[in-house]
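Colleague: Sequence:
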Amino acid sequence: MLTRRHLIATAVAAPAILRFGTGTAHAATTLKISHQFPGGTIDKGDFRDRLCRMFAAEVAKRSNGDIAAEIYPNSSLIKTNAQFSAMRKGALDISLYPMPYAGGELPETNIGLMPGLVTTYDQGLRWKKEPVGKALTDFLADKGIILLTWVWQAGGVASRSKPIVAPEDAKGMKVRGGSREMDMVLQTAGASVLSVPSNEIYAAMQTGACDAGITSSTSLISFRLEEVAKSLTSGAGASYWFMLEPLMMSKVIFDKLPKNQQDVLLAVGTELEAFGRKGAQDDDIEVAKVYEKAGAKVSALDAATVGKWRDIARDTAWKDYGAKTATAAKLLKLASDVSA
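Under mature numbering (1 follows the signal peptide of the UniProt record, and there is no 0), the residues of the sequence shown are numbered -27 to -1, 1 to 313, in order.
Hints are not guaranteed to be accurate.
Unchecked claim - Listed below are the simulated PhoX-like cross-link pairs for lysine-lysine, each with C-alpha atoms no more than 25 Å apart in a straight line: (1) Lys266 - Lys251; (2) Lys203 - Lys270; (3) Lys292 - Lys303; (4) Lys17 - Lys303; (5) Lys147 - Lys281; (6) Lys107 - Lys303; (7) Lys306 - Lys281; (8) Lys101 - Lys232; (9) Lys229 - Lys62; (10) Lys229 - Lys5; (11) Lys297 - Lys107; (12) Lys232 - Lys107; (13) Lys266 - Lys116; (14) Lys116 - Lys297; (15) Lys116 - Lys292.
Just so you know, the hints here were simulated from the structure itself, not pulled from any lab data.
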């Protein structure tokens, strides 16, 4: 039943809008933060939505109300795949965005989901301080994007039928992988692939257009895929699927702000990285409980199985990506230098 509150939210095309500020007399800079994930509150719900709300609240506090923010979950402001381009043009301020979704526009961003390249949270989060992090940050800045919060997420597989654990299990299945490179690995393993954002996996599995979806543990929970799945492969212990889903900002908008406000945004973004890691790791554990409760069979990955996926990736996806551009080759080399 639609309440008056729901109708008002619908009228402004934002199911859950929060404004943050301290009631100061002067006009605040109002930033729009968009993402594709379900909305909640600052205390409950998808940790990625919570991270955006925590970011907004803390930025408002530290800026003494000079910066306000509006949160638009569920791609209610801008469609999922259009958010990256909108930020580059200055039409959207901030998004918590899966970086490989931008691969069609900038193939270099697919480094954010290169199968088997990142296999632990420690490894992924070290990128920021390693040469690969500087190279990626510089590349994105040149293309109009500022990274505010580095968020890595491990992933698993929800399947309508048999579990997909080892590469040979994917043969004959229709699978959503999450990036062009992951799709290459799946195709080499004998699967056919489907390219949709994670918020569309449920419908694809429900209709039979997709047999299995690989996505982050958090999305496996938030998008209720246990309702259409009979098996889960968990990435809690080991995973070949790690996606970079940072909070990112339009450089056009960022550059217009005074330095003291830029400093606040960058500081708060960095401080939330610990929350992002904990949220992702907590969901790696929680996802198995959710699927077991729904009656699904839960399987685990181990280092040897991850190695099989990595071997395929190294011979296919890594080579293909490295041959795309000089920047891609550089990023791949630098990322490979960061040991697990």
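Colleague: Checked against the structure, which of the hints given earlier come out wrong?
Modeller: 4 and 13
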